Amino acid sequence: MSEQATTAHEKYYVPEKSSMAVLATIGLIMSTFGAATAMNQATFGDGEPSYTLMYVGLFVFAAVLFSWFRTTIRENIAGLNSAQLKKSYVIGMFWFIFSEVMFFAAFFGALFYVRTLAGPWLAGEGEGGAMNHLLWPGFEFSWPMMQTPQEAVGGVTNQLIANMGTFTSAEKSMAFSEVGAWYQWLPLWNTIILLTSSGTVHIAHEGLLSGNKKRFNLWLGITVALGVVFIGLQILEYYEAYAHYGLTLNSGIYGSTFFMLTGFHGFHVAMGTVMLGIQLIRSLKAGHFTSDDHFGFEASSWYWHFVDVVWVGLFLFVYIL
Amino acid sequence: MGFISERLRAQVGYAAILIATFLSGGALAQDSKVNQVNMSPGVTSSGQAIYDLHMAILWICVIIGVLVFGVMFYSIIYHRKSKGFKASNFHESTKVEIAWTVVPFLILIGMAVPATSTLIHVYDTDEAEMDILVTGYQWKWKYEYLNEDGENVSFFSNLRTPQDEIYNTEEKGEHYLLEVDEPVVIPVDTKVRFLVTANDVIHSWWVPELAVKRDAIPGFINETWTRAEKEGIYRGQCAELCGKDHGFMPVVVNVVSKEEYASWLADKQAEAAEIKALMAQTFTMDQLVERGKGVYQSRCAACHGMNGEGGLGLPIAGSAIATGGIAKHLDIGINGVAGTAMQAFGGQLNDVDMAAVITYQRNAFGNNMGDMVQPIDVFNHKKG
Amino acid sequence: MGDHHHGPAKGLSRWLFTTNHKDIGTMYLWFSFAMFILGGAFAMIIRAELFQPGMQLVEPAFFNQMTTLHGLIMVFGAIMPSFVGLANWMIPMMIGAPDMALPRMNNWSFWILPPAFLILASTLFMEGGAPAFGWTFYAPLSTTYAPPSVTYFIFSIHVLGLSSIMGSINIIATVMNMRAPGMTYMKMPLFVWTWLITAFLLVAVMPVLAGAVTMMLMDIHFGTSFFSAAGGGDPVLFQHIFWFFGHPEVYIIILPAFGVVSQIIPAFSRKPLFGYASMVYATAAIAFLSFIVWAHHMYTVGMPIAGELFFMYATMLIAVPTGVKVFNWITTMWRGSMTFETPMLFCIGFLVLFTIGGFTGLMLSIAPADFQYHDSYFVVAHFHYVMVAGAVFSMTAAVYYWLPKWCGRMYNETMGKTHFWISFIGFNITFFPQHFVGLAGMPRRIPDYALQFADFNMMSSIGAFIYGASQIMFLYNVIATIVAGKPTSDEKVWDGAEGLEWTVATPAPYHTFETPPAVR
Ligand code: HEA
Ligand code: HEA
Ligand code: CUA
Ligand SMILES: [Cu+2]
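Going line by line, the protein sequences match chains A, B and C. For the first sequence, this note's numbering assigns the number 199 to the initial residue and increments by one for each residue that follows. For the second sequence, this note's numbering assigns the number 6 to the initial residue and increments by one for each residue that follows. For the third sequence, this note's numbering assigns the number 1393 to the initial residue and increments by one for each residue that follows.
Chain A extracted, bound-state conformation (with noise of 0.2 Å):
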């Protein structure tokens, strides 16, 4: 055996066994099995679509989730989490962003790719498409795209490519440049809205660390709302795409990097603000945080300024450029 070392050693937590991960598992598994499902047959006419099975599923995930982090939180509480676990969480969380930068990493790769090299090449512009003007004639590219290149050949039926869906074009776009109604001036308020955020969640946690609880609950609180006004206004905007801009999921490819880079972070800004109401919940009814131990805010708050930054990319990419 070896020599042990002789140092004073805090132990390190390994929980006992738990059912939980098995738990969570079948919550997963029956919301993807129930999605998938569900596509299938609202896409490829199986049936009626059936949602049950996701939701039940989804509850159940939702269920596990919270009675794992309950458990986590408990434990804490009892004393249990050395310094090194903690630790631990830190790491943990931190790779977890990352990847979730990476996530969004694919939709703005794609955005760059069709903005500065496909969409020229579709046009018949550059290198890798001089040819492409007798499959697209009359294509014209511009950013954002108005005009899809089924459109600027006259339709499905004229294309000399197979049917792969009708793509209709926008008839605004979201674009920044074009500011006139209030509304156009959303992404402007939001983005205020957001870094705003940043800076009170900021300010919470400073409280937090003087031992001002009051301070920290309040800035939080006001933290939670701006979240809540944020998605609110993504919610307005959206109706505004679609019934006033012509500006859907079928809108070409301008519509797809639209929708799925401010969809994507929407919902990242949803799951922020619903952890950061937590832990605001935790503060207010259980008397939750310390100053020196707070992680579940921590946590969320690093999340928080994760998708801050992420608006800050899409605002200058999808809006103004």
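Hints were generated in silico from the structure; no laboratory data involved. Hints are supplied without guarantee of correctness; some may be wrong.
[To be verified] Mimicking PhoX-like on lysine-lysine, the simulated pairs with C-alpha atoms at most 20 Å apart in a straight line are:
1. 281(B) to 387(B)
2. 86(B) to 1809(C)
3. 284(A) to 370(A)
4. 209(A) to 285(A)
5. 196(B) to 263(B)
6. 1402(C) to 215(A)
7. 86(B) to 1884(C)
8. 333(B) to 387(B)
9. 235(B) to 38(B)
[As the list claims (entries may be wrong)] A few chain A positions that, by computed beta-carbon distances, are all more than 10 Å from chain C:
10. 246
11. 320
12. 455
None of the values given here were measured: they were computed from a predicted structure. All residues carry an ideal CB built from backbone N, CA and C; glycine is no exception.
Chain A is fixed; fit chains B and C with the ligands onto it per the hints.
For chains B and C with the ligands alone, coordinates are given in the frame of chain A:
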């Protein structure tokens, strides 16, 4: 089983010989097609350049391999415990480590130089003397001769190997799976530019002996070229997984003398003019059904079945469409069904063939509609 | 919550609810072996159909499903989980940690795998059949032209990705945070190093794969046009995203294998690794380069020439750090005092065959030459040399090497050596001739071929059956060892082995290092 063991015995022999020839430069490969073990330089300057590059890198790798494995096997043989060899304990040597980083790097630069110049040569599509638009379809190729005076020549090139050979009920022919009903014809010693695209999914147009492989991307046109220096028939295959019959869409290129090419082209143009004339004609039911049967079997049966029983596509026998209104039926034939494998055949079949096949579908497999479609109807339908 | 001095729980709940890194490692290993058998069975169907020209066993559509599922299951089901299992077992023991950093999540990472693969395999029985678009699932074959089962495929990829990301985060946290005092980064065993870097690659690229399948999902069900030119998208965009994931993926497969080999060769040469530091730097260099070479899989898509050149040069560069590794292993053997037990044999097999696979990789990286190689059997030969003789051989070596430590029993050496020789010969009969047919012009992913390729294909099929059958011997040997092997209680099973895992009792106790060991 006798068959197998006989073959097996022959194979062990082959293997030994072939591995030996492969290592000694693969000279044998040149002409013998069966059991060819090496790349063929083919009949173009790019092919030769690529082949030379390939052999050069192969040899460099072989030499490095011999050195590296030589050291390793020496060590394995002599530095073993069973021989009482005592382990020494050396490690880390900056000098050695720098050497084995820098030397491979230099070797790589040595490879990159010819690779770059070959690439530039292969990529240079300028000053082509003629253009052919190659379009991949599931699972056939379409060739269109561009920039020609007179009638536009365009045709499809389908696999000619019969199902009986594929399903082993008949002896396989010499060019099993590498034969088509209508090869693409190009003149010798002429720089031909191929504009490669696809109609449905990605395909890849590959003829090893012309040293051309270019992906056919739906909605984009790629350029590539060849300049065959020897007459002959060159065979290749689709090289990108494109669905069920990916293995059954060969490419056959017939390189002929310039004169032969000119007369072939003239014939083709005359044929095209003839079709044009036919379009104005009115046909009888028998003529249409007769012609339609041929079209159906070559173009539709893959999905709808030889007897209209369906398969990848819906059954035609008893189909509500094929026994319903003509307009709707014609519309599906011309425009396809969006989002399904049923393509728009309007651009693939000429009006005569389209009229014929629709008529055939309405009057075969027990669909006794008794009505017919004339080329002019197709023309009008396309006009809208 | 009680003391930790207890053994495993009894019955099924031990496995379902466990948080123990050794239990989870064991489950990963068995699961991956099951997937190896399934993927191998599909390979046997492929090779059986290709035994002779003509269609005899299966229909072309089914053949494509076999090719697709074989690739997917081998890569995502067999190789990756097997190395994750190994990481689970070995990393805590190698760095002196009591367990993985996040044990409950560890269990979850494992348990979402089996149902995900169940869903993937169940697509075989769905209407329209299983995915048939290759493991690279290029759009639009995998979108507009895909069977409905593609939706299930997409979600199972999502779940697999989730599992890999969580597994990797766990490994990163363990390595960064759980090392025993004195176990500095530059003292860590190389297996730990290679896994740390692999985990980083995984966290970086699995989300990108998730993005790619999400775009597919949107194109199929929600009318977007990412991969359709008619709407302004581009099918080639899919390939860029896929290979941005896909190329690092192949190093995800091989880096842990490098780690294993770097543990075993010094042990049986009875001599320390020649250049520890340069091995670490080489691994990092390979990982870095792997992010900027992806388009070498796409030389024929018609990229502008500047792109071709950039990706060609970057790809060629990978030969340098990989060469550093190969040279290091050989100088480690040089003037060692070698013995040739089964793990060492598999490592030497690895070294020779992987290097050959690396050479063909280098040939493929030469863009103009790749115009002739691409999508031919030459590529198939290349990647089986690096993946089967590379990853699978090293995994096999790892099992033989650590099995006595895991179960306290010694495997049958003669049978192990026989397994090696049959594998080695069978493997080469299978895949060496594929170089020939590839160069001669046989495309990959075809269920039937021209007559000129017949003989080599028959050879290849025979080799595949030999290689496959030899795996039965492996399975038998492992089970026989666990059940009735000769007990061994030496802490150090191999006299040349180094590292903390050889300081604990044999078989390794359920909990190790509850107090960290001292590392000099
Ligand atoms: C474990 C997995 C693995 C590994 C390690 C590699 C390693 C390499 N691969 Fe491979 N590859 C695959 C798995 C892998 N590959 C797969 C799965 C595919 C096909 C995917 C598909 O389409 O389905 C593929 C395809 C593939 C292609 C695309 C082919 C095509 O489709 O047309 C290319 C092209 O560049 C390539 C290159 C390389 C290179 C340069 C290396 C290098 O890392 C090799 C470096 C090693 C050496 C060179 C040997 C040792 C070095 C020395 C002894 C030093 C001295 C040597 C010299 C200076 C020459 N690979
Ligand atoms: C790490 C990954 C991995 C591994 C281990 C393997 C292992 C094998 N592969 Fe793999 N292969 C791929 C990854 C892998 N492959 C990929 C990514 C592709 C590309 C897919 C695509 O194109 O999309 C591919 C494609 C591919 C093809 C080309 C198919 C085509 O293009 O149409 C072929 C053909 O020979 C083949 C053969 C084999 C064989 C014979 C084995 C053998 O090593 C398998 C041996 C294992 C067993 C047989 C199972 C265990 C044994 C038993 C259960 C005993 C019982 C068996 C008998 C009695 C025989 N593979
Ligand atoms: Cu067309 Cu493969
Ligand atoms: Cu690669």
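Hint check:
1. 281(B) to 387(B): holds (16 Å)
2. 86(B) to 1809(C): holds (18 Å)
3. 284(A) to 370(A): violated (50 Å)
4. 209(A) to 285(A): Cα-Cα ~14 Å, so holds.
5. 196(B) to 263(B): holds (12 Å)
6. 1402(C) to 215(A): holds (12 Å)
7. 86(B) to 1884(C): The hint holds at about 18 Å.
8. 333(B) to 387(B): holds (13 Å)
9. 235(B) to 38(B): Holds, because 17 Å separates the two Cα atoms, which is no more than 20 Å.
10. 246: holds (16 Å)
11. 320: About 6 Å separates residue 320(A) from the closest Cβ of chain C, which leaves it inside 10 Å; violated.
12. 455: violated (8 Å)
Violation of the numbered hints given earlier is confined to hints 3, 11, 12; the remaining hints are satisfied by the structure.
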